[in-house]
Amino acid sequence: MNKKDIGKTLALLVMATMVFAIFSGCIGEEKEETPAPTTAAPTTEKPAGPTEVKNPDTMVRYTIGDAKNLDPADAYDTASSEVLFQVYENLVTVKGSDAVTIEPGLATDWSVSEDGLVWTFHLRKGVKFSNGSDFTADDVVYSFDRVLTMNSPESGCAWILSQFLSVGDTVKVDDYTVELHLEKSFGITLPCLVYTVGAIVDSDYVEAHGGVQADTENEFMKANPMGTGPYMLESWTRKTEIKLVKNPNYWGGWEGKHVSNVIIKIVEEPSTRILALKNGDADFADIPTANIVDVKDAPGVRMELGPSVNVTMLHIQTKSENTFMADPAVRKAMCYCFDYDATIKDIYNGYAIPLPGPIPKGFPCYESQYEYRYSLDLDKAAEILDAAGFTVNDDGYRFDGKPIAIYYNAGNEERAKMSMMLQNNLALIGVISQVMADSWPSLLGRMFGTTDWDVMYCGWAPDYIDPDNYIFSFNASADVGGDIYNTSWANARVDELLIDAKFESDLAKRCEMYREAWEIIIDDPSHIWACQPQHVHFEREWVHGYEYNPCILWSYYNYYKE
Amino acid sequence: MGFFDEWKKRNESRIKETKFTLNLFRHSFLSMLGLVLILLMILTALFAPFIATEHPNYVTLINPQGQRVTEQRWEIHFEEKLEPISSKHLFGTNDYGYDIFSMIVYGSRLSIKIALMVVVTALIIGVVLGALAGYFGGWMDEIVMRVTDIFFSIPGLILAMAFTAALGRSIEHVMYAMIIVWWPVYTRIIRAQVLKTREETYVEAARSLGTTDLKIIFKHILPNSFAPLFVQVTMDMGAVVLTAAGLSFIGLGASPGTAEWGLMISTGRAYIFQAWWYVFFPGMAIVLFVLGFNLLGDGLRDVLDPKLRR
Amino acid sequence: MKLRNYIIRRLALLIPILIGVTLLTFTISHVIPADVARHFAGGAKANPETIARIREEMHLDEPLYKQYGYYLNDLIHGDLGECYTERRPVTEAIKQYLPATAELTILAMVMAIFIGIITGVVSAVKRNSWIDHVTRLIAITGVSMPIFWLALMLQLAFAYKYPILPLDSRLGIGVVAPNHITGLYVFDSLVTGNFTALKSSIYHLILPSITLSFASLAIILRITRSSMLEIVRSDYIRTARAKGLRERTVIYKHALRNALIPTITVAGINFAYLLGGAVLTETIFNWPGMGRFAVAAVNNLDFPSVMGFTLIAAIVMVTANLIVDLLYSVLDPRVRLGD
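Chains as they are written, first to last, in my numbering: chain A, 1 to 562; chain B, 1 to 310; chain C, 1 to 339.
In isolation and in its complexed conformation, chain A is listed as follows:
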């Protein structure tokens, strides 16, 4: 090589060394920062983080998804309900970490008639909406009838009220008394009223902006919430941030420790949220399970662990194009192919507990599901399939090589892993499967519009705190308003039991019914009950007042910083 080439080689080497130096420097220190996994309790000694509180009068939360619809009559996602619970209020609510005890909200007290058909609510006096108008019984009547008339065209949340209420059932007795006239006694009326669908809107405000039309959404209300709650919407920049500011007319007053502003920032990037939490730009941040280890020992950050009532499960299409799915033996075998331990340990990194059936721990009647019927047992799975006549053919495959189609929503790493793990295990007993990631809308379209899928996922968070919200939605048949995830599974006895339990007021009787239902369900499974993820919460150490409530996840009015 001549001089020219030597020059070039040198330049190349210089460049490569520089890049590597930056990199390994980067790496070296990084590795020291990420600590080895400890088995000690989370309260280990940590170096103190920056102690000066950032943005003392503003709570900043970094979250992953944008709100979809700020009209409480048509909102059914957690991001929207987070905002709605700050801006609107309901007749009744829950407080602190107790999701079961019903507390007064806009109603100060209530009673129900002997036959359970008439509920009477006495309303709080002197409450004003944030625009100054008065809260009266007219608003309650208007709000409930509005939900039922509109019938939530976009989200379908109206069923929570329409399952026990019809238009006209809400009656004004006087300016501060309202009655609900039910057709059938409904024990879970109060929990259902806690959800955002029962929020009270100002009748004058809505009338001035489009009013109510059957089966139609109100464009104005979608983006302009106005309620009696402690905060008002200041601005909503899509996909970027939602800003809330304090409502000076709030009946609860602003004495004591509160923050005047709330900023919810939408950041899809986990690394950004992690960094924001670490340097104090974020007071709260959504951290994916995979990244908990990145943050849990960071200075200035507090981690809270606790049981949640969210459940993760796979559901199976019993009437799929693969006709063998109709056979309970096949579905039982699949339940034996799922590695429940690895799911909790490796996929959820230990931040989950096992799930015996549809009712999560923390709910009444959880004990009706009295044992864990399934565990990873490939031999048993093979045995069951052989006994049912689905034997291995000459190529080593069952079902003649027809693949089982497993779908999950692209981007959800936990579901990706569960799918791949299931695929692996199924392959070991000769069952072929295909794992496909799809976009969320495409997935929903497939789930509800077709039966050409075999396995999909549901993750469920409570609409109202009652086992009925879970077991009825999953295991009652579509004919009676259940089977919300379209498994096409139906059992007449289970339907009977679940409907009776829905309207039964005696808890012990309900638990008995649920136990009998569970025994049938678990023997003819349409779901693989994967796990119950724990609630992992991250906040800065200067945040106080936060309590986890599975029903109302965020109550910024109660939080303060110092």
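Since the hints were made in silico from the structure, they are not lab data. Computed from a predicted model, the values in this text were never measured in an experiment. Note that CB positions come from ideal geometry on N, CA and C, so glycine has one too. Any given hint could turn out to be false.
Claimed, not checked - Here are the simulated lysine-lysine pairs, DSSO-like style, with alpha carbons at most 27 Å apart:
hint	chain 1	residue 1	chain 2	residue 2
1	B	K9	B	K215
2	A	K95	A	K128
3	B	K8	B	K215
4	C	K95	C	K199
5	A	K68	A	K222
6	A	K128	A	K257
7	B	K215	B	K196
8	B	K9	B	K19
9	A	K380	A	K95
10	A	K345	B	K88
11	A	K222	C	K199
12	A	K243	A	K95
13	A	K345	A	K380
14	B	K8	B	K19
15	B	K219	B	K88
16	A	K54	C	K199
17	A	K380	A	K402
18	A	K243	C	K199
19	A	K296	A	K345
20	A	K68	C	K95
21	A	K296	B	K16
22	A	K239	A	K68
23	A	K509	A	K184
24	B	K219	B	K16
25	A	K296	C	K199
26	B	K16	B	K196
27	A	K222	A	K243
28	C	K199	A	K239
29	C	K95	A	K243
30	B	K215	A	K345
31	A	K68	A	K243
32	A	K239	C	K95
33	A	K125	A	K257
34	C	K161	A	K54
35	C	K95	B	K81
36	A	K257	A	K243
Claimed, not checked - FRET-style restraints, in silico, Cβ to Cβ:
hint	chain 1	residue 1	chain 2	residue 2	range
37	A	S260	C	I76	44 to 54 Å
38	C	L322	A	G132	51 to 61 Å
39	C	H59	A	S111	25 to 35 Å
40	A	V392	B	T70	13 to 23 Å
Chains B and C: place on chain A using the hints.
What follows is chains B and C alone, placed relative to chain A:
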């Protein structure tokens, strides 16, 4: 004996030119480096089963659309997930416990396959359309030009994104989308060349001798039009892989579990603070792959440029 | 032909191209995908009445050419449909996101052109020195790197390991956006005298614009260098030198001006790459622009949005090409005369 000597004599100048070109090329350091890198990639792809330490299984099945597909399946080892570089795992492991080095090695096969398929198909389409447009002119030329104009007015990645979204998420659809994005480039190049060559005297001569149009195109015009194509094709091999990686990164291409470099960076992003190797090595693989083709293309361009030759 | 006629001719050509683009976007979103109505009906708990109503609203059961007609009609009235993911008109979404992308892309283009040309000239003038080798190496590596990987590495290096630059977004927390004039934060904050916002927005622009401009910079560098090298050896430069002009005049007044012509062409062609790169850059840096919107749209099969941003990208490209062509014809009279 006789035939070969005759052929040599007839093509004497062509052979001399080629020899000269190759010689020039050999003395260009960067081009040789590019060639080395490309050879490295090709060899890795060819001998993947011998180089990699872990190997995937292949399962053939009928997918929901009724097509026969073969899928790559790696063995899950959750107990080994996200391990750093070690003697057992040269580049560490990912969140499923797969050996990243092996994934990168097998990924080279996929990358080369994508690059070849897209470039060759787009080239064929482009050459046919470009030759027809350039030679026959008239309304055929106008139509082809307008259509290529339309395609050129939408940025490549964006057009590919839109098509893949419409067709559905899979590597095959990504390839179709990229073919759709790339064919106009070759059409334009060939057309320009054909326009130039068809006015040459030797073509006039051939025409006056009564040679058919088809023969003229294939025997006289096309062979002289290939020079600028060489450079373009070489550079495009790299560009296609970059675009495919970008599409996989967004979430449109390879299905999860496949060893595709762009997809690995995409999944690795979540673990970037815990396991930098998950993002770094697939990225370096892409860089080396594309760099090789770019260096080669560069070298070719310098070497084939008549002004710089002598 | 005269410049004016050339301009008119070029503008007239725009129309069939744009119509062709609408045909393309229409095909992509109406002909290919499966059940569009269901997506709009909310997929999840969609009742059949809503689906039927939407099918009617969107004219989905009518013949294709009629649907195309409705589509064009809507376009002329500025209606790009409703964005499925955000439940608001696509035009509104685009109005919100376009300035962010514009700011980033313009800055990246300016950086690529200026730094590219300057380094290209220096590299050509100091041919074969170590500066030349290093810049050429950086240049060729620049085009070989996946832009999202470069973004991640830069983030790791300068926002995490040595946290001197912000990780992402357009502004720091608590920094209020300047009053909206153009939507370009640097411009708006300068004009309204909002110096906190000015400082914050500049800071936040650094990493994304470096990432986005890198590949284009590399290309412009190489083209400038090679065309400078070519011209420097040409006859009229030799004449200029022989005339005794100072080297600096020779380079800047004569050589560079002519070297710029291919540079402009390349810059124009490269603009497409810049727009595509914006998609990837915005994703990593959480930049609230068209690119991020596009990725969300594509992942959610939000076809009105997909059509919308494709159309906008085409309009921008066509405008950019037009400007380049006009510039080119102004600089090089041979172009329009030969037409």
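Tested hints:
no.: 1; hint: K9(B) x K215(B); in the structure: holds (22 Å)
no.: 2; hint: K95(A) x K128(A); in the structure: holds (21 Å)
no.: 3; hint: K8(B) x K215(B); in the structure: holds (22 Å)
no.: 4; hint: K95(C) x K199(C); in the structure: holds (24 Å)
no.: 5; hint: K68(A) x K222(A); in the structure: holds (8 Å)
no.: 6; hint: K128(A) x K257(A); in the structure: holds (22 Å)
no.: 7; hint: K215(B) x K196(B); in the structure: holds (17 Å)
no.: 8; hint: K9(B) x K19(B); in the structure: holds (15 Å)
no.: 9; hint: K380(A) x K95(A); in the structure: violated (47 Å)
no.: 10; hint: K345(A) x K88(B); in the structure: holds (24 Å)
no.: 11; hint: K222(A) x K199(C); in the structure: violated (35 Å)
no.: 12; hint: K243(A) x K95(A); in the structure: holds (24 Å)
no.: 13; hint: K345(A) x K380(A); in the structure: holds (23 Å)
no.: 14; hint: K8(B) x K19(B); in the structure: holds (13 Å)
no.: 15; hint: K219(B) x K88(B); in the structure: violated (56 Å)
no.: 16; hint: K54(A) x K199(C); in the structure: holds (19 Å)
no.: 17; hint: K380(A) x K402(A); in the structure: holds (21 Å)
no.: 18; hint: K243(A) x K199(C); in the structure: holds (22 Å)
no.: 19; hint: K296(A) x K345(A); in the structure: holds (17 Å)
no.: 20; hint: K68(A) x K95(C); in the structure: holds (19 Å)
no.: 21; hint: K296(A) x K16(B); in the structure: violated (70 Å)
no.: 22; hint: K239(A) x K68(A); in the structure: holds (10 Å)
no.: 23; hint: K509(A) x K184(A); in the structure: holds (18 Å)
no.: 24; hint: K219(B) x K16(B); in the structure: holds (20 Å)
no.: 25; hint: K296(A) x K199(C); in the structure: violated (33 Å)
no.: 26; hint: K16(B) x K196(B); in the structure: holds (24 Å)
no.: 27; hint: K222(A) x K243(A); in the structure: holds (16 Å)
no.: 28; hint: K199(C) x K239(A); in the structure: holds (23 Å)
no.: 29; hint: K95(C) x K243(A); in the structure: holds (20 Å)
no.: 30; hint: K215(B) x K345(A); in the structure: violated (69 Å)
no.: 31; hint: K68(A) x K243(A); in the structure: holds (15 Å)
no.: 32; hint: K239(A) x K95(C); in the structure: holds (14 Å)
no.: 33; hint: K125(A) x K257(A); in the structure: holds (24 Å)
no.: 34; hint: K161(C) x K54(A); in the structure: holds (22 Å)
no.: 35; hint: K95(C) x K81(B); in the structure: violated (44 Å)
no.: 36; hint: K257(A) x K243(A); in the structure: holds (20 Å)
no.: 37; hint: S260(A) x I76(C): 44 to 54 Å; in the structure: holds (47 Å)
no.: 38; hint: L322(C) x G132(A): 51 to 61 Å; in the structure: holds (54 Å)
no.: 39; hint: H59(C) x S111(A): 25 to 35 Å; in the structure: violated (54 Å)
no.: 40; hint: V392(A) x T70(B): 13 to 23 Å; in the structure: holds (21 Å)
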